[in-house]
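Engineer: Sequence:
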Amino acid sequence: MCDTHIIWIKLLLCSITDIFDEEIDRYYYGVQKSDLFIAEGQILIVEYATNSCHKDGIAPCLLTVDPRDIATLTPKFLSTVFKHFKNDIPDSNWDLKLHLAITMVRGILQRGKHKTIEKQQKLLAKAHIPSPPSISIKKAIVPETCRSQAEDIMAGLLSGQEEKVGWRWKEDPMKQNPIKGEWIEAKNRKKITSADRVILYIHGGAYFMGSAAQHRFLIQRVAKAGAARAFSFDYRLAPQSPFPAAVVDTLAAYFYLIQPPADAGFDPISPKNIVVMGDSAGGGLALSIMLVLRDAGLPQPAGAACWSPWVDLFHSLPSIFSNASTDYIPNGFVNKASPANPIKDYTNVKERLERVQYYAYNSALSIPYVSPILADDLGGLGEIFITCGNGERLRDEAILFSHKASKTHPEVFECKKPGVRAFPPTKVSLNIYEAMPHVFQLFLFHPAASNAMKRTGAFIRKIIPEPTNDSSSSSSHSSFSSIYSNSSSRCYYHREKEVSRNCKRTNDMLDEGTLREWANMLGKFPDLKLHPEFMDV
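Just so we're aligned: the sequence shown equals residues -21 to -1, 1 to 516 in mature numbering (1 follows the signal peptide of the UniProt record, and there is no 0).
Hints may contain errors.
Claimed, not checked - Calculated cross-link-like contacts (lysine-lysine; reagent style DSS-like; alpha-carbon spacing at most 30 Å):
#1 Lys118 to Lys251
#2 Lys55 to Lys101
#3 Lys92 to Lys503
#4 Lys406 to Lys251
Hints are computed from structural coordinates only; laboratory data are not their basis. Remember, it's a predicted structure, so these values are computed and weren't measured experimentally.
With the hints as constraints, model all of the structure from the sequences given.
Structural biologist: Structure (structure tokens):
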């Protein structure tokens, strides 16, 4: 790469890093003939490395983006600035920072689809994530006994559905790798006790990317907001380990918290003091675990906090298409074919879509522990807190899940299957943020992100009160509440019955007719003849 290209990429990088967080301390690592900026809280951090600097010419960073990808995004960066000042904006509420951030993230994800899954996972595995000085990171290993226990539970719940699952998951060779986890908490905190608030955080990444370490910048912030400790872990990823591997590993991590081995260094944590939390695919996993625990008759956590949860792996609902321009999630189902497992030249859409998700075979997508929104009954779960962006592609499934779980329209979601137990409504708080994309909490510079972080922390403190507090005062309100937040202004947390001038509360986000229409769409693939762009690689 010539010096001119290096200089241009550096200028672009300076703009991008300023976009993502102006207030974050930056860590600078000087490397021969390369600059590597790693910032706690950044998403787009790019290295410039030569073969003389690091093995394979790759320096570690938070997202490990190929410099050539950034170079190809330069025209997009400049055109976005031009469009913004010409008022050619997908959403009029976006400022320049948000417009650029969403455009660049979308561009990088789109470029990533031209790499094999193996290459993306390899790049991300090399990431080195520094921790802020005020945070303590304590490594841990989830015992195999916990995973064995989780496997037995899942085997019972999936009995009779082995053909749907589609592979011998109990013989997965990836089980030879232990489940690695880490405690994230403020330094100088006392020893973990059973009375502590604990967040079991499940990272996102579409089930085939991501790690606990890469989400530290979010986890440590929400732990601080919720006055809690956090435990995060690396579950097995697809496509090497499809469903139910991730569910088994998540359940094992939960068992590790409530039934730790003698040498774990902490006492058993009461389920009532645990909040299961995740973003995107991690949010879907959090809700899957709630269903697993309920169906297996096991102690449930106090609740779940989910940011933009992915609960419908069929992509059944309208926003997956209608919000394409206001989200950074790119079109398409597939990545570049792996040399070890090439995709044949399919002659028709049906053959090509034999497996549309890396996480599960098509036959398994209807299993509720894969797509939680398809459960016959979403009642009887611990309290759930959901945030989503009004501009994101997964918005509709978050809304529909909230209504179905809280049973605000029982006539729409009535389960007519004989012998299916009816559960009481689940208490759900749905927070929709105007103009925001998928997991907008990543964009730390934006007021909506800090507002959502504060609301999430307040939810955690509410459902797990301090031991000295009277927990009976924490609530009596309807099973469903929603807050529609205008992200263009600061909208801080308010008590249940208080609404600021920047928020408006509604009891029903949608009319019954729309809910019924959406409910009838569930469990069906969209008509890709009407949306051929979804077949793009």
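Engineer: Broken hints, numbered, in rising order?
Structural biologist: Failing hints: none at all.
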